[in-house]
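Number of protein chains: 2
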Amino acid sequence: MAKKNVLIIGAGGVAQVSAHKLAQWAAEFGDLHIASRTVAKADAIIDSLREKGHQMPFTSHALDAMDSDAVEALIRKLEAGIVVNVGSAFINMTVLEGCIRAGAAYIDTAIHEDPAKICETPPWYANYEWKRREDVEKAGITAILGAGFDPGVVNAYARFAEDEYFDRIDSIDIVDINAGSHGRWFATNFDPEINFREFTGTVYSWQGGAWKENAMFEIGREWDLPVVGKRTAYLSGHDEVHSLAARYPDADVRFWMGFGDHYINVFTVLKNLGLLSEQPVTTAEGLEVVPLKLVKAVLPDPASLAPDYEGKTCIGDLVKGSLDGKPGEVFVYNVADHKEAFTEVGSQGISYTAGVPPVAAAILIARGVWDVKKMVNVEELPARPFLELLGEMGLPTRVIDATGDHPI
Amino acid sequence: MAKKNVLIIGAGGVAQVSAHKLAQWAAEFGDLHIASRTVAKADAIIDSLREKGHQMPFTSHALDAMDSDAVEALIRKLEAGIVVNVGSAFINMTVLEGCIRAGAAYIDTAIHEDPAKICETPPWYANYEWKRREDVEKAGITAILGAGFDPGVVNAYARFAEDEYFDRIDSIDIVDINAGSHGRWFATNFDPEINFREFTGTVYSWQGGAWKENAMFEIGREWDLPVVGKRTAYLSGHDEVHSLAARYPDADVRFWMGFGDHYINVFTVLKNLGLLSEQPVTTAEGLEVVPLKLVKAVLPDPASLAPDYEGKTCIGDLVKGSLDGKPGEVFVYNVADHKEAFTEVGSQGISYTAGVPPVAAAILIARGVWDVKKMVNVEELPARPFLELLGEMGLPTRVIDATGDHPI
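First to last, the protein sequences are chains A and B. 1 is the number of the first residue of the first sequence in our numbering; add one for each residue after it. 1 is the number of the first residue of the second sequence in our numbering; add one for each residue after it.
Among these hints, one or two may not hold up.
Copies of the same chain look alike in the list, so a pair counts if it fits in one copy or across any two.
Calculated pairs, DSBU-like style, for lysine-lysine (alpha carbon to alpha carbon, straight line, at most 35 Å) [unchecked claim]: (1) Lys320 with Lys293; (2) Lys271 with Lys339; (3) Lys41 with Lys296.
I should point out that these hints are in silico values taken from the structure, not numbers from a laboratory.
Construct all of the structure, not just a fragment, from the sequences and the given hints.
Structure (C-alpha cells):
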C-alpha cells in the first residue's frame, strides 16, 4: 500500500509543532502539505523546518478552510490520505465535510465552535461533530476528534486507567497546570480569542450523573503535582468533559485549569467591561467592532512568546475507581518543558503538547492501528499504542499508582 | 446695553448642567442657544429643561465645532455675545477662532487637546491657547480659559488665598476627591476618552521652580478632608498646574486626584494591554481600530450614572504661604452632593461642579465684572465675586484657616 499523503490545515503555533513532528516522522508518510488562509504563514513554517535541517519538501497552499468545496478540491488535488486540522476551531465542520467527500482521514484537536456563540450548552460534541457519525462511517473514513493534549492525550489517560487499573471508574479529574513564565505583562498561551471564549460562559462538569453548572473561577482547588508543586486550579468547561461523560456516565468528570491571580484579574476586568464580547459594539465614530477581536489584536502573538518561555507544564488525569471491588486511584501525567520545546521545534510548550499528539494519531492511522473507519473520540481507541508512541515523540507518560511514580 | 445672547457648544453631561444654570439665571442674558454635532443631544437637554419647568426658549442648532467657519457663521447668525464651550477638549481652538472672528466672548473649562497626542509636554496652555493672546486682545474680546471646577474654581481658590491671606505663596496643593458611588462595576465620571488620556502620560508638577516628572500612581498621599474623610490621592497632571505655575513661579504647584484601588486596577490592566492607546491597531480581519475609542464604547455613558449616584465630592486647595513673614496655611474648598445635583439639574455631581462655574463666568462677563477684553486664566481675575456668585448658584466655598472651618 502506498504511503499516505498528509495535509496540515492551519499555520499557527500548533501547526508549526505538527509540521516539525511530521517532518521528523516523514518515513511514515508520503508527501507532506500545509495549507493556510495566509500562505505566507505556511511558508514561514516551512522556513522554520529548513532551519532545523529538514530537507524533505513540505508544500504550502492557500486555502479558505471555511469553504468545504475548496477543502475537498485541495484534498483531491494532493491525493491526501490524512488531514490534520490544527487551524481555528471555527473550521472543523467544513474541513470534516471536505474529508468525507474526498475520502480522507480527519484529525482535529479541539471541538467545533460557531464564531457567533460562546460556550454552547452540552452535549457539545453532539451539537456538531457527532451529527456526522453516520456520514463518516458511510464514507469509510476515520475521523479522530480532539486528538491534541487536552482534549486528546488526557482522554487516552482515562482509557489507560480503565484498561490497566480499574473495572469501575468513579471519577476523572483532569488537571492542566502551566507553571511556565513568558516574561510578558500579560499574554495568552494560544489564540486569545479561543482562550477567552473558553472561560466567558457557564462552566459545565459531569457530576452525579448530570450536568452541573458553575461560574468560571467559582470553584478553585489546590493541587500538589509532580515537578510543578502546589498550584491552584479552577473548575472549567472543556471539550473532553463531554465525551468522557458519554463513555463513563457513572463517573464524575471534571476539568481543572490552573490560573494565577494575575490572569484572573486581567480576565475579570476585560470580561466585566464587556471587552471579551463576540457581539459587535459601535463606537462614537460609527465603527462596528467586535471587542474580543480588538483584544486579540493588542495582545502578544502567542507564537512570539516561545523564545523567552521558561518552566514546565504538568497535565494529567487523577482517576479514582476500583478493581474487583477494591478502591484505588492513579494519576497519569506528562511534564513538558517550554525551553526544550522551543529548542526542538521553535514553539512554546503549550503548542508543543497540543501539536505532537495529532501527528501520533496520524502515524497510528498510517500504520493501521487507529484506522477504525468511523468517527471516534480518543478514549474509544486503544490507549497504550498512542501513549507509547507519544513517549518516543517527546511526550512521555508517567503514572503515580500504589507502587510509586514511574513511566508507563 | 442689550443683554448678551449666549451660545452653549456641546451637549454632554456638563453642557446639561450649564444649560440648566443658564436657564435659572436667564434674566442676566438675552437669547439662549445650544449647538451640538448631534442636534438630538441638544434637543434632549432642552427637553430636560422643560421637565424642570423652564418655559424660556433655548434653541438648538447642529454644529461641527471643529470647523471655525461654521462656528463663526453660527455666532454671527445668532448674534451671540458669549460662547460657553463645554464640548470635547478637541474643539477649543476652532471655537476660539470663531469667537475671535465674530467678536464673541469665549469661555471654556478644559485645556485644548490634539486628538492624536496624549499628555503633551508643558507649558500646556502655551502650546495652543496662549499663542492666541494677542489676537484675542486685538479683537477686543474676553476669553476665559479653564473656567470649570478644576481647572477653574480651584484657580480662584488660589487667587483667593493670595488676595485675602498671604503676601507670599509657598505651595498650592489641589486635591480632588470624589467619594461618591455610582453602583456600576466600573465607569468614568466624564468622557472615558478624556478621563483616561489625563492619566496615560507623564505626570508633570511644578516643584522647586521646575517641572518635575513622575509616573501616574507613583506618588500617593493620604488626605483627611472635610465630609469625605481620609482618602488617598495621587499626584496627577492637570491643566491648572501650568497656569498657576506661571502666576506663582516660586510656589510648588501640585494636583492630587483621588482614586480607589479598583479604578487603579482597571486602569492599569487597560493601559498595560495597550487598550488605552489613541494609535490605531489592525485586527486579524483587517479592521483599523483606535483601542481607546472602543473602550469608550463599552463603558457606561457618564450621563447615565446620574440617577443612581450617591455621596459627596470634596475639591479644594491647600495653600501654604506667609503674610508679613508669618507662615500659615489655608484650605479653601467646596463639598458637592451627587443626589442634590441630580434632583436640581438631572446630572451627577462631577458634571455639576464642572458645568456651573462657566455660567458664573458668563454672568460676570455679562455684568462687566469679568469682561476684561483679553485672554485670561481664572486666577488672573478677582476671585471673591466669582466665589460669592458660585455660592448663590449652588457651589458654596468654605475655608479652613486659623479661626476654624467657615464659609468665605
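A quick look at each hint next to the structure:
no.	hint	in the structure
1	Lys320 with Lys293	neither (41 Å within a copy, 52 Å between copies)
2	Lys271 with Lys339	both (32 Å within a copy, 30 Å between copies)
3	Lys41 with Lys296	both (18 Å within a copy, 34 Å between copies)
In this structure, only the earlier hint numbered 1 is contradicted, and the remaining ones agree with it.
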